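Engineer: Keeping the supplied structure of chain A fixed, place chain B upon it in accordance with the hints.
This is what each chain is made of:
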Amino acid sequence: MTTSRKGLRASTPILLAGVLAGVFAAGCTSAPKQPPEPVAPQPQPAAPTTTVPLEPPRPVYAGPWEDPSNPLYQRTIYFDYDTAEIKPEYLPVLRTHARYLGTNTGVKATLEGNTDERGTREYNLALGDQRAESVRRLMIADGVPPNQLSTLSYGEERPANPGHSEQAWRLNRRVVIQY
Amino acid sequence: MPRHQRRTSILLTFAVVLFGFGLGFGAGPAQARLNIEVTGGVEAAQPIAVVPFGVSDGLIPPVDIAAVISADLARTGRFRPMPTRDMLDMPARHEDVDLRDWSLLGMNNLVIGRVEADGNGYRVSFILYDVFRGDQLASSTIVSTKAGMRNTAHRISDIIYQKLTGQRGVAATRIAYVTATGQGEGQTVTLRVADADGYNPQTIVSSGEPIMSPAWSPDGRRIAYVSFENKRAAIYVQELASGRRELVASHPGINGSPAFSPDGRKLAMTLSKDGNPDIYVLDLTSRELVRLTDHFAIDTEPSWSPDGQQIIFTSDRGGSPQIYRMGSGGGPAQRISSEGDYNARASYAPDGRSIVLVTRVNGMFRIGVIDLDRGFMRLLSNGSLDESPSFAPNASMVIYATIHGGRGVLAAASIDGGGNQRLSQDSGEVREPAWSPYIE
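In the order they appear, the protein sequences are chains A and B. Everything in the first sequence is counted per UniProt numbering, starting at 1 for the first residue and increasing by one. Everything in the second sequence is counted per UniProt numbering, starting at 1 for the first residue and increasing by one.
Looking at chain A on its own, in the form it has when it is part of the complex (with noise of 0.2 Å):
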């Protein structure tokens, strides 16, 4: 188990970073959901009402990532269009999350894969899973036991910004690292 890690380089660009990640506030917490609903094209006859239990309520301070002045604040990288090469000027942002997760063992990460609406659908999907994979590795690299991270793509199913534009595709091209 690495204990010490290599000292974090830079920390300018995460109050910048900080402030773009603000604009995900929502994106990034999760509330219960309803749950799916598998669903047989004949209608039923009226049915018992079954209640759904609900997720227990979530810690208000959950870790040091949801405090703005902590350096894990910034959990989002982004990437240039049909690539899943992390650019150099994220390297500080994800060694801060290794070095993190290396002296942190009981904790685990998701790392999710993102992409733009630009190309095919499965296409998308494939290239935000090499995304969070490359992403993956990079920390692996950096010290963190592979158990301790896991990935999930959801293409281009879950855009940070609906919209139509490069300013939307490029909030939309990222990987967000979720404890």
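The set of hints was computed from the structure by calculation and includes no laboratory data. Keep in mind that a hint or two might mislead.
What the hints assert, rightly or not - Here are the computed distance ranges between Cβ atoms for each label pair:
#1 A:Leu91 to B:Pro306: 41 to 51 Å
#2 A:Gly63 to B:Gly331: 41 to 51 Å
#3 A:Val107 to B:Ser286: 50 to 60 Å
#4 A:Asn147 to B:Phe376: 43 to 53 Å
Stated by the list, open to error - Using 27 Å as the maximum straight-line C-alpha spacing, the simulated DSS-like pairs for lysine-lysine come out as follows:
#5 A:Lys87 to A:Lys108
#6 A:Lys108 to B:Lys231
#7 A:Lys87 to B:Lys273
#8 B:Lys273 to B:Lys231
All values derive from a computational prediction rather than experimental measurement. Every residue, glycine too, gets a C-beta built ideally from N, C-alpha and C.
Structural biologist: Chain B in isolation, oriented as in the chain A frame:
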């Protein structure tokens, strides 16, 4: 969570919502109906008169059979049905027909018919005439339940279409599609199946999480799809008549692009469980999973040739997404798309001689058809973000997703440049259409 446990919890969820569903479904499938507009390309269409069907005294059929037939024929782009208001006479029996009148009105063909009571249902009979030659080209009587009357009308449309064009009709087929309302956390995504004219929409599955990539089984009885309902992608196969479904793929990473083999026994899919998106084939009976591609690039969107011998798929192994072909047991792959820097999501035409795909032209994503014998590509659409093309089972049309007025809608284009259609919902987005096979 161990696999058997996960499966049990999914089954439990399924049972719970099946019971609860009576409440949600009654809320209003009517508003959710697809509206279809015919958007041009009908100048070469043939004039035909479908006379309102005669009805026995006191009988009120639930469906205007002639109106449904006229709409079916108009949607093909190959016929121009006469408006009822222009008809001088409305015969319902052969002895009342004077073909010279219809000839003077410029009609090539005439359809008359009758609806009579038959127990709790109806007996629907019709005659199709060649106006110039004075022949009866087809006549038939179909016994129908009340609920089956629209389908009976579609079947008559298909008999007429086949008699006049020599090609099997698709009025009695269905379309699967995904709708989405709301954004982000408030989003509801629903997989539906409707008749080819947009009527009788049925909800297959509904979720707050994404649902993708519906694919029909070759017998039209099952649909495979990707659902994120457990916060990760998984592939399900659901039987339409019973609503029963089975989880068939839930590996780490993506589980996507399901495609039934032509014999319905296997499902091709994309999995990234081994570190990278690759094509696999799952035997639905034995559960044997075979990996067909092993490349560090993206391999996805498999589609079987109609004879089951080949699989085409999208790969960016050459630096940009292109279409490749390999044997359905795997082996070396050859690139088959030659033009353009983005070609994806190809699928075979029912005759196996062409493929339809998404291609990028000057930054616009459009629907193209590649003739496999001659190698050239023809564009079928002119939008900027067109995707998810799917052939009708008679290969006459391709349905695809497009954006109209800033909103996701479906469009259908004739392969021969005939009619086009736009299919939309009153609210929300419609996307990922999949045209069913013929349904017996």
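Engineer: Within 27 Å, alpha carbon to alpha carbon, are A:Lys87 and B:Lys273?
Structural biologist: holds (25 Å)
Engineer: Lying within 50 to 60 Å: is that true of the beta-carbon distance A:Val107 to B:Ser286?
Structural biologist: For A:Val107 and B:Ser286 the Cβ distance comes to about 40 Å; the hint is violated.
Engineer: For the pair supplied as a hint, B:Lys273 and B:Lys231, confirm whether the alpha-carbon distance does not exceed 27 Å.
Structural biologist: holds (16 Å)
Engineer: Return holds or violated for the Cβ distance of A:Leu91 and B:Pro306 against the range 41 to 51 Å.
Structural biologist: holds (49 Å)
Engineer: When you check the alpha-carbon spacing of A:Lys108 and B:Lys231, does it fall within 27 Å?
Structural biologist: holds (15 Å)
Engineer: Quickly compare the C-alpha distance for A:Lys87 and A:Lys108 to 27 Å and report which way the hint goes.
Structural biologist: holds (24 Å)
Engineer: Regarding A:Gly63 and B:Gly331, is the given constraint of 41 to 51 Å on their beta-carbon distance met?
Structural biologist: Distance hint for A:Gly63, B:Gly331 holds at roughly 49 Å.
Engineer: So the hint says 43 to 53 Å: do the beta-carbon atoms of A:Asn147 and B:Phe376 match that?
Structural biologist: holds (52 Å)
Checked against the numbered hints given earlier, this structure breaks only hint 3.
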